[in-house]
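**Q** Chains as they are written, first to last, in the numbering used here: chain B, 2 to 438; chain X, 412 to 746; chain R, 104 to 407.
Hints in this document: simulated from the structure, not taken from any laboratory.
Please read all numbers here as calculations on a predicted model, not as lab measurements.
We put the CB at the ideal spot given by N, CA and C, even for glycine.
There's no promise every hint is true.
[To be verified] List time: in silico BS3-like cross-link candidates among lysine-lysine, alpha-carbon distance up to 25 Å:
{"#": "1", "chain 1": "R", "residue 1": "LYS188", "chain 2": "X", "residue 2": "LYS739"}
{"#": "2", "chain 1": "X", "residue 1": "LYS615", "chain 2": "X", "residue 2": "LYS739"}
{"#": "3", "chain 1": "B", "residue 1": "LYS415", "chain 2": "R", "residue 2": "LYS158"}
{"#": "4", "chain 1": "B", "residue 1": "LYS87", "chain 2": "B", "residue 2": "LYS329"}
{"#": "5", "chain 1": "B", "residue 1": "LYS157", "chain 2": "X", "residue 2": "LYS567"}
{"#": "6", "chain 1": "B", "residue 1": "LYS89", "chain 2": "X", "residue 2": "LYS701"}
[What the hints assert, rightly or not] Per the computed footprint, the stretches of chain B lying under chain R, defined by three or more beta-carbons under 8 Å from a beta-carbon of chain R, are:
{"#": "7", "region": "38-52"}
{"#": "8", "region": "228-238"}
{"#": "9", "region": "243-253"}
{"#": "10", "region": "271-281"}
[To be verified] Simulated coverage check for chain X against chain B, where a stretch passes if three residues somewhere in it have a Cβ under 8 Å from a Cβ of chain B:
{"#": "11", "region": "445-451"}
{"#": "12", "region": "556-562"}
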Amino acid sequence: MKKVLKCTLFVLGLVLILGLIVPSGALAERVIKIGVIYPLTGGAAAAGRELRAGAELAAEIANTAMTTIDMSMARNAGIKSLGGAKIKLIFKDHEGNPTLGADLAKKLILDDKVDGILGCYFSSVTKTVSAVAEQHGIPMINGTSTSPPLTQRGFKWFWRTTPHDKWFTKDLFELLKGLTEGKVKGVKAVAKKDLINIASACEKTEWGSNVSLMIQSWAKEYGYNVRKSMLYAKESPDLSSEVRSLKAARPGVMLFASYTSDAILMVKTLKAQKVKTNVIWGQDAGFEKPEFRNTLRDSIVGILTRTVFLPKVAELKKVAGQVNALYKLKTGNDLGGASARAFTGLQTWVHVLEKAASTKPTDIQRAANAIYIPGDELVVPWAGIKFSTSGDEIGQNVLGGGLIGQYQKGPDGKIGLEIVYPFDVASANMIYPFQQF
Amino acid sequence: MEALKNALDFSDFPRIDLTVAGLVLIFLLAFPVLGFSSFAMATMIQFLMFSLYGMGWNTIGGYGGQVDLGKAQYVGIGAYTTAVMLIRWDIPFWVSMPVGVCLAVGWSFIIGYPLFRLKGHYFAIATIATSLVLKDLFEVWNFVGAARGLEISPIKFHPPDFLHLIFKEDVYYFYILLGFFLLGIFYINWFRKSRLGFQLRCIKDNEDVARSLGINVHWAKIKTYAIATSFVSVVGSFHACYIKNIEPEDTMSLTISILIALMAMLGGAGSLWGPIIGAGILIPLKSYLKEWLGATVGLVGIDIIIYALIIMLVSAFEPRGVWGIIEKLRRRKRN
Amino acid sequence: MEILLSTIVAGLLFGMVLAMVALGLTIIFGVMDIVNFAHGEFLMIGMYTGLLTAKATGLDPLFMMPVAAGVGFLLGVLCYVGFIKFLLRGPMIAQLLGTFGLMLLLRNLALLIFGSEDRALHHGILVGQSFDIGMGVIIPATKLAAAALSVVSFLGVWLLMNRTKLGKALTATALNAQGARYMGIPTERMNALAWGIGVGTVTVAGALIVNFWSVNPFIGLLFTMIAFAIVALGGFGSVPGAFFAALVVGMITEIPGFWDFMTYTFELDWMANVPMTSLKYMWVYLAYFVIMVVRPRGLFGWKH
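With the hints as extra help, turn the sequences into a complete structure.
**A** Structure, rendered in structure tokens:
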């Protein structure tokens with residue numbers, strides 16, 4: 002008995018001494034911890050699942066050498082400049098609650114000691130989380146929040162890869178301008194008077210009201226007349242009064258910023274009230290979801306939606322197709338706007354870390370400010386990633402771009418999105434005017 | 412002077428209560444140096460905030476027996492006053508907080524006067540309605556940022572900034588809030604022995620009797636409602652500086668109103684320690700259930716299911732809350 | 104003139120849909136003093152029942168309404184026997200918060216089982232149909248059916264409460280439970296029955312409106328709030344009061360559309376600047392508050 006005890010003590014002592022002499026990092030493989038905050042439960046849990054899968058796939062590709070993918074981060078296992086250190090993602094769930102998001106950010110930074118943060122999809126949560134990251138001097142990259150003010154705050158530790166609603170809305174007005182000038186594929190020049198009156202209905206949230214403001218300011222610049230710009234209560238049980246308002250404005254163009262349930266109800270109500278208009282455009286979100294398409298079917302043919310990723314892109318871009326195949330293998334679905342951008346967000350992290358060759362926040366900051374990722378590395382159809390470091394927008398990717406898709410009926414009778422903007426990558430003739438209900 | 416003496420006089424509590432309270436106080440004072448994680452710290456701040464909300468609610472809801480489910484509107488008034496004054500005119504917290512209290516109390520008088528003509532369920536639903544009306548108004552009011560909300564930018568201040576209450580470390584917030592917490596306890600201790608406190612308990616037991624005793628029932632309720640309001644508004648102001656971002660949807664939501672009442676009820680409405688016990692149980696329970704179970708893939712929402720079951724069990728089997736259980740045990744021991 | 108007519112029709116139709124939703128709440132309240140926060144969640148369950156059974160069987164969702172009624176009745180009785188019975192002993196605050204807990208439970212169970220995605224029906228004779236009856240009045244088929252069902256169920260419940268022995272027993276339980284017990288009325292069973300009928304009507308409403316609306320686990324709360332306002336406005340426990348109040352609320356929600364119509368007809372700039380749509384539900388709550396202050400027992404209240 003005594004002998005056993007002695008032996009154990011000896012072994013324990015040895016382990017202790019070894020542990021003291023050999024620095025813990027040298028034995029274990031080096032790990033870089035990235036905290037990822039997404040809405041994994043609550044109303045946006047479905048989007049959260051996509052985001053999580055996108056980020057996880059990117060981490061997988063970065064951590065293993067995959068020759069089948071033409072991306073520089075797939076070439077070696079881990080971060081090469083950091084001795085092959087692996088990326089480890091720590092997921093947290095913010096439920097769409099900004100206060101909870103801030104608490105989680107503190108937890109990640111102070112308790113889990115993460116090297117950086119990725120997130121958070123909801124603009125309102127990104128706002129509080131980035132404020133915490135800024136205070137603690139921890140870098141944060143945001144891939145999916147599109148509220149314009151996020152990068153207008155002068156933060157030094159916050160970078161955003163996705164283009165934001167200001168530019169997405171500008172794309173729309175470019176499309177309208179193109180319509181009047183006859184630049185759109187398959188459509189003859191349209192008289193401006195058919196399009197000049199605009200009515201917009203956005204949900205009454207941080208995101209929706211910013212979109213509404215953007216529409217107003219760009220309309221002024223492009224010489225359009227916003228006849229009605231309303232904010233409606235989201236998850237509304239009835240939209241007949243709202244649609245009556247829109248109808249009364251007799252608009253040529255109708256713009257929406259809505260999540261799924263409202264988008265479906267809105268189109269149903271438009272249809273029920275036989276609203277006449279020439280263009281219907283949705284600001285991503287609900288207008289891009291599969292449920293929107295499956296529920297409304299034929300009645301959405303001709304509706305436009307802004308987006309950042311369509312299955313069409315996977316056909317046009319080789320690397321997108323390769324990643325899409327992997328993603329489909331993993332989840333059974335095609336990449337979507339949310340997952341593609343989450344993927345790109347983490348990919349940017351990998352490139353930044355590779356360039357920084359260190360996990361010291363200041364090195365990462367310097368690397369992020371100087372990073373340039375060419376467009377052919379990315380799954381999304383952007384010119385690349387490069388952050389602005391001066392002016393009113395600090396940390397915004399200046400090379401991003403949006404797409405505008407239109408729901409069209411394919412030869413097989415299935416309804417899918419075709420690209421109509423930018424004009425040079427248009428994949429089909431645009432349907433104009435909108436088929437009346 | 413008399414009032415101060417009353418506030419500091421806890422001698423009518425049994426010794427065991429005071430011992431426990433003293434131990435908890437020592438624990439709270441020493442909490443930051445005990446080496447807990449920052450998550451525990453954030454949870455602790457939430458606990459203190461909701462204890463204060465609950466103490467405020469307890470005056471009108473517990474001692475007065477008026478079921479008020481509209482406290483979120485005063486959280487909003489306090490938070491918005493502080494944020495607007497700080498962002499637009501750079502006015503320190505210590506000035507904007509009392510202004511917020513004044514505005515909140517003013518508003519509480521305006522709606523309290525008609526509100527207290529209602530009774531029972533009509534009253535409870537009317538408080539919800541007023542809170543939602545105010546939330547909707549804030550959502551279209553451009554001066555306060557409408558639905559976009561307001562953000563106090565952390566980079567415009569140099570923490571620690573004691574004047575504007577902008578800190579980097581939570582420990583400063585913790586001690587300031589702890590100060591408010593102790594003041595709150597002293598105030599409620601005075602309140603429960605004050606004239607108004609006795610009048611309220613009489614109203615709760617039987618309004619007609621109270622009226623026949625010459626108590627101005629309507630006025631007593633409005634006054635107490637204002638007291639509850641000022642508690643909530645102070646914490647609302649604090650919330651603005653702590654979270655640094657306010658949106659009507661987040662700060663003035665119905666859920667906040669209900670949670671406030673829930674904490675106080677679950678702990679034991681109408682007793683000094685009730686709201687503190689309630690917040691002390693529910694807040695860590697919610698945080699840690701979420702931490703342990705929340706991110707589990709495949710079981711989305713399981714943490715809230717457990718949380719909901721606990722709420723249901725307590726409200727069904729011990730409607731007087733945890734404090735009710737303690738009192739029952741004591742009575743059994745005495746007999 | 105046309106627009107006025109179509110606004111009124113739309114308001115009345117939506118009002119009747121709301122009445123259908125609020126009916127269950129008013130029955131439950133009429134029999135026992137309890138305000139149920141989980142009401143909207145029962146609606147949500149009704150919607151899921153209609154949706155899933157219709158999808159599974161491939162039949163028209165209209166045929167699923169009896170199924171939803173059955174599910175609702177059982178659920179209601181189960182809730183009463185397993186939970187509400189105990190709540191009734193406590194003070195009002197415990198009842199409110201207990202049903203709030205029930206709401207959280209049902210909502211998150213739905214989240215756990217069905218996921219958070221919005222789901223909608225893709226087939227059925229009512230889906231996406233609407234009638235143009237001239238004069239610019241367009242009526243969606245779902246709403247028309249819901250309105251008709253609403254009128255029928257209100258009549259049915261009113262007859263049940265006033266013309267049958269069972270209704271008399273229920274009313275007696277409502278007025279004085281102890282007295283009713285002395286008269287040999289099984290009040291416990293009456294309460295359970297009230298819960299069964301109350302929840303049953305709201306799940307039927309859910310199965311019907313799922314023809315038009317999409318459903319997710321979070322849909323309940325706004326309906327609960329509006330139903331609260333309706334039931335309180337009509338006077339707690341008054342069946343005709345609830346119907347009338349629901350029509351009033353339906354009309355109020357149509358105000359913004361009418362306002363904008365006036366704006367563009369007369370091109371009045373100041374009218375265009377009022378954010379009426381954003382304040383749509385505020386008018387409902389405000390109307391509730393103002394009417395309550397003037398008449399603290401609600402429009403048709405007989406009980407306080």
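**Q** For each hint, tell me whether it holds in the structure or not.
**A** Evaluation of the provided hints:
Taking the CA atoms of LYS188 of chain R and LYS739 of chain X, the gap is about 22 Å. The hint holds against a cut of 25 Å. With a C-alpha separation of about 21 Å, the suggested pair LYS615 of chain X and LYS739 of chain X falls inside the 25 Å cut-off, and the hint holds. For the suggested pair LYS415 of chain B and LYS158 of chain R, the alpha carbons sit about 20 Å apart, so the restraint of at most 25 Å is met. A distance of roughly 24 Å separates the Cα atoms of LYS87 of chain B and LYS329 of chain B; the hinted pair therefore holds under the 25 Å criterion.
Between LYS157 of chain B and LYS567 of chain X the CA atoms are separated by roughly 12 Å; this keeps the pair inside 25 Å, and the hint holds. About 21 Å separates the Cα atoms of LYS89 of chain B and LYS701 of chain X, which keeps this hinted pair within 25 Å; it holds. Closer than 8 Å: that is the beta-carbon criterion, and the region 38-52 of chain B has 6 residues meeting it against chain R, so the requirement of 3 holds. Closer than 8 Å: that is the beta-carbon criterion, and the region 228-238 of chain B has 9 residues meeting it against chain R, so the requirement of 3 holds.
A count of 7 residues in the region 243-253 of chain B with a Cβ less than 8 Å from any Cβ of chain R is obtained; the coverage claim is therefore met, three being the minimum. Counting residues of the region 271-281 of chain B whose CB falls under 8 Å from any CB of chain R gives 4; the rule of at least 3 is met. Under the rule that three or more residues need a Cβ within less than 8 Å of chain B, the assignment of the region 445-451 of chain X holds, with 3 such residues. For the region 556-562 of chain X, the proposed coverage by chain B is satisfied: 5 residues have a C-beta within less than 8 Å of a C-beta in that chain, meeting the threshold of three.
In summary, this structure violates none of the numbered hints.
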